[in-house]
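Chemist: Residue-level listing of the chains:
Protein chains: 2
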Amino acid sequence: MVSIPSLSQHPFDSFLSPKSVAVFGASTNPQKSGYKIIENLLNHHYSGRIYPINPRGGEILGFPVFRTITEILEPIDLAILFIPNSATIEVLQACIQKGVKAAIIEAAGFGEVEMGKPLVQEIRRITANFSKIRILGPNCTGITVVEKDGAGLFTSFIPMGSTKAGNIAIVSQSGFINGAYYPDFTERNPSMGIRYVIAIGNKMDLNELNILEYLVLDPTVTIIGLYLESFTDIRYFIDLCHRARTAGKSIILLRGGFSEVGSRATHSHTGALLERAELVHAVVQQSGCILADDFWEFFLLLRTMSHLQGFVFPQSPLTAAILTISGASGAVCADWCHHYNIQIPSWDPTSYAALKALNPPWMDPNPFCIVDYWPAVEEAKGDYHSLLMRIITLALQNPAIHGVFLTAYYNSKAWQVDWAQIAALMRQYQKPLFIWIFGTYTDLLFADRLFHDLRLPLFYSERELVQIFHKIYQNTGKSHPPVNNRNDSE
Amino acid sequence: MVSIPSLSQHPFDSFLSPKSVAVFGASTNPQKSGYKIIENLLNHHYSGRIYPINPRGGEILGFPVFRTITEILEPIDLAILFIPNSATIEVLQACIQKGVKAAIIEAAGFGEVEMGKPLVQEIRRITANFSKIRILGPNCTGITVVEKDGAGLFTSFIPMGSTKAGNIAIVSQSGFINGAYYPDFTERNPSMGIRYVIAIGNKMDLNELNILEYLVLDPTVTIIGLYLESFTDIRYFIDLCHRARTAGKSIILLRGGFSEVGSRATHSHTGALLERAELVHAVVQQSGCILADDFWEFFLLLRTMSHLQGFVFPQSPLTAAILTISGASGAVCADWCHHYNIQIPSWDPTSYAALKALNPPWMDPNPFCIVDYWPAVEEAKGDYHSLLMRIITLALQNPAIHGVFLTAYYNSKAWQVDWAQIAALMRQYQKPLFIWIFGTYTDLLFADRLFHDLRLPLFYSERELVQIFHKIYQNTGKSHPPVNNRNDSE
Numbered sequence: 004m005v006s007i008p009s010l011s012q013h014p015f016d017s018f019l020s021p022k023s024v025a026v027f028g029a030s031t032n033p034q035k036s037g038y039k040i041i042e043n044l045l046n047h048h049y050s051g052r053i054y055p056i057n058p059r060g061g062e063i064l065g066f067p068v069f070r071t072i073t074e075i076l077e078p079i080d081l082a083i084l085f086i087p088n089s090a091t092i093e094v095l096q097a098c099i100q101k102g103v104k105a106a107i108i109e110a111a112g113f114g115e116v117e118m119g120k121p122l123v124q125e126i127r128r129i130t131a132n133f134s135k136i137r138i139l140g141p142n143c144t145g146i147t148v149v150e151k152d153g154a155g156l157f158t159s160f161i162p163m164g165s166t167k168a169g170n171i172a173i174v175s176q177s178g179f180i181n182g183a184y185y186p187d188f189t190e191r192n193p194s195m196g197i198r199y200v201i202a203i204g205n206k207m208d209l210n211e212l213n214i215l216e217y218l219v220l221d222p223t224v225t226i227i228g229l230y231l232e233s234f235t236d237i238r239y240f241i242d243l244c245h246r247a248r249t250a251g252k253s254i255i256l257l258r259g260g261f262s263e264v265g266s267r268a269t270h271s272h273t274g275a276l277l278e279r280a281e282l283v284h285a286v287v288q289q290s291g292c293i294l295a296d297d298f299w300e301f302f303l304l305l306r307t308m309s310h311l312q313g314f315v316f317p318q319s320p321l322t323a324a325i326l327t328i329s330g331a332s333g334a335v336c337a338d339w340c341h342h343y344n345i346q347i348p349s350w351d352p353t354s355y356a357a358l359k360a361l362n363p364p365w366m367d368p369n370p371f372c373i374v375d376y377w378p379a380v381e382e383a384k385g386d387y388h389s390l391l392m393r394i395i396t397l398a399l400q401n402p403a404i405h406g407v408f409l410t411a412y413y414n415s416k417a418w419q420v421d422w423a424q425i426a427a428l429m430r431q432y433q434k435p436l437f438i439w440i441f442g443t444y445t446d447l448l449f450a451d452r453l454f455h456d457l458r459l460p461l462f463y464s465e466r467e468l469v470q471i472f473h474k475i476y477q478n479t480g481k482s483h484p485p486v487n488n489r490n491d492s493e
Numbered sequence: 004m005v006s007i008p009s010l011s012q013h014p015f016d017s018f019l020s021p022k023s024v025a026v027f028g029a030s031t032n033p034q035k036s037g038y039k040i041i042e043n044l045l046n047h048h049y050s051g052r053i054y055p056i057n058p059r060g061g062e063i064l065g066f067p068v069f070r071t072i073t074e075i076l077e078p079i080d081l082a083i084l085f086i087p088n089s090a091t092i093e094v095l096q097a098c099i100q101k102g103v104k105a106a107i108i109e110a111a112g113f114g115e116v117e118m119g120k121p122l123v124q125e126i127r128r129i130t131a132n133f134s135k136i137r138i139l140g141p142n143c144t145g146i147t148v149v150e151k152d153g154a155g156l157f158t159s160f161i162p163m164g165s166t167k168a169g170n171i172a173i174v175s176q177s178g179f180i181n182g183a184y185y186p187d188f189t190e191r192n193p194s195m196g197i198r199y200v201i202a203i204g205n206k207m208d209l210n211e212l213n214i215l216e217y218l219v220l221d222p223t224v225t226i227i228g229l230y231l232e233s234f235t236d237i238r239y240f241i242d243l244c245h246r247a248r249t250a251g252k253s254i255i256l257l258r259g260g261f262s263e264v265g266s267r268a269t270h271s272h273t274g275a276l277l278e279r280a281e282l283v284h285a286v287v288q289q290s291g292c293i294l295a296d297d298f299w300e301f302f303l304l305l306r307t308m309s310h311l312q313g314f315v316f317p318q319s320p321l322t323a324a325i326l327t328i329s330g331a332s333g334a335v336c337a338d339w340c341h342h343y344n345i346q347i348p349s350w351d352p353t354s355y356a357a358l359k360a361l362n363p364p365w366m367d368p369n370p371f372c373i374v375d376y377w378p379a380v381e382e383a384k385g386d387y388h389s390l391l392m393r394i395i396t397l398a399l400q401n402p403a404i405h406g407v408f409l410t411a412y413y414n415s416k417a418w419q420v421d422w423a424q425i426a427a428l429m430r431q432y433q434k435p436l437f438i439w440i441f442g443t444y445t446d447l448l449f450a451d452r453l454f455h456d457l458r459l460p461l462f463y464s465e466r467e468l469v470q471i472f473h474k475i476y477q478n479t480g481k482s483h484p485p486v487n488n489r490n491d492s493e
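So the protein lines, in turn, are chains A and B.
My numbering puts the first residue of the first sequence at 4, with every later residue one more than the last.
My numbering puts the first residue of the second sequence at 4, with every later residue one more than the last.
Think of the hints as simulated: they come from the structure by calculation, not from any bench.
Quantities reported herein were computed from a predicted structural model and do not represent experimental measurements.
Just so you know, nobody snuck in bad clues.
It does not matter which identical chain is meant; a pair holds if it fits inside one copy or across any two.
Derived DSSO-like pairs (lysine-lysine); straight-line CA-CA distance at most 27 Å: (1) Lys151 with Lys252; (2) Lys167 with Lys416; (3) Lys22 with Lys167; (4) Lys35 with Lys384; (5) Lys359 with Lys120; (6) Lys35 with Lys416; (7) Lys104 with Lys120.
Work out the full structure: start from the sequences and follow the hints.
Modeler: Laid out in structure tokens, this is it:
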């Protein structure tokens, strides 16, 4: 078992907690990305010192621009290289001379293209195999560190929006998340708590294993999201995932390019070679990662795991109850439960009697834990809130039920529900309550944020409800192969 | 081959084009659903005559309330029964006496519950097996007919919002679509054109076959969406689907309750019995329907088919090009292409040279039709629009490529693109251009409507992009079994 250096001794520490940052390629032109990096550092209240560097000099947002790093008298912890690949050697040499310990290379055109391979050799030589300076990248949008709400370190040139501090760390072999996708999911859920987003780029030096080592020990992180196009060392990856899970952390993995067609994309992207799909699946199974279908599900899994923190999932075969205002939606949900081999038990006599009392006399409830509660809504004469509380409680308190799928009509005006009370119910019973709502689009946009703020897991289709429940459980409990794949048998 | 009566002779004609409507159970209380039906008829500018009926009399929104149907002197084409199931017999008898040809029963509690079965027998008797009056329902929110933008017939008590006239017909063995889900998808895409939404309920008399007969002949309908929990007659269903497809119509099917678990839900919902999953899959294959995963995909398929109307899909093995601003997103797309056996061909030398000229000198494009265009964006110095037009044209004009997946960064201010020109490109080449965009949430909400108005197929994840392309093609071209199911091999 490899021993991991302590956090303060770890090479990643200079990247995540630098006291000073030098930005090579800083620009005085507000339209240029070299300006936006300085703007991002400033706007996000980076607490260390900022040193823009450009041979032309000048001033950016009140900071004097240094012509070379040697002009700076104070020590530099982290260098951000926003310069063409051809200028990298010279700048790295200057950084080494200055005693900089960490550098982020944002440019592409290194090991992933033929012309860049000699450049990589030369960097290895001048850094004495990265012993003189550690490198993150190249082809890398760098690092986001959230210290507290709206404050931290943002090395990317992409406008990042405001950020909420939390315990999710994302490690990505792509600039996509620190780039365009980050504002999408944080603006959708402004209260989604992020700790780090780390683009590892083409892994010339530091890789996913180095940062995983750090995250295993880092007490501020409990949920880890990984986007990877290659595994640097499969055995060590599985080992680190086990350590992370033993430390109570969950890991979501999106693996790009594990098919032959996909590897044609990643080869030109990050120079990754094809790893057979079977190998990737074996790694997923042995590491206990939750495998995401795509970036959208990656985001949903991160959000859902953050809502369910501290919940303990059962080891027995998975069961659920379906509570639906639409018989049709309940049927589609049930078909997906069948697909993922999630059992729907029968009601115990006491609960069944309680449900019967909610229904009109001509309509008996379903003997299985599939409640079409529309007839009960009509009986409830407008008290939709109490009805929901009642049926959700009946399902959550049932020891035979591991989780609850609720599909509901959302109407903020006519059908008032105190969703905070429903969130409290879920936390009281410590069982997942997965919700799909429908109503007017405007109402739904509002509800999206409300539910996230209440940490109520919200989804957007029946398939999502059941598939994500299955994936989260499969990761934590005993796994079941799906019994009948819907898409395959079409 | 069964011969279908002409439209004006068809029993459904009285339901879809009634010149007068009587509403039993109309209420003078604006909080009650019996009031809202009248309100919906009025708000949506129903062009025929409206007759509220309630033994208490009074006035609703300016209409006098009749105590019985016999008080009405004019003929009645359609009766809406918003009354308890116990009052149904008496009202139907009065309708028959008055010569009403069509009735919608909104209440539940008939054949799907034990207590309701004698009621069904009695209705059969007094209607002489539905020869004296045709019945839609019970347990049925009725009919939406859009005559022109914002005007038509709305028999449901659910507030429906404004509606755009179009050529989509939805037939649903559930009130869900005419109820809560309709405002969701029409408010999301106000220009989504609907012709009919018909809830068939528990099919006491009229069923999906009767309405399909009508839709096969109806020239105003080109896209048919079906939500079914049971097939009334499988042979005739397949026959009608063939006739519809021969007439150039597409059919999207969502089949609720085809698993054992699912059938436990539908049995109590619409009294449907289990049909084996294998049978359902065989019906799908033989009918040429596109099978939706759930209601969300049902909506996306309807929207996409309406965007692609008139496109002719190839019969040869399916191919596509991936154009992506994120290497990662491209890799995930490519993995899904592999999953669905969609081939990514190599570029021809001329196109490849054209792509090479867009890239920086140190970065050669991928030899396969997977374009990571981020390096070209940097070279394009801000002219994002021309770059997109150029690469999309290269892909669409390539005879080896059947469709194009585009993932793009959307920034309405800094990255201006004339998406109308891109929509025109797609129509010029008559090949699907499937788009996934990311950016700030606010921007994306705006883009959602813009893209729909331009009839550009927009999706929300890589899986959706590829899966829906596959489903639409599978329906129209030669089908391929997926080669490797991602979920199964986890």
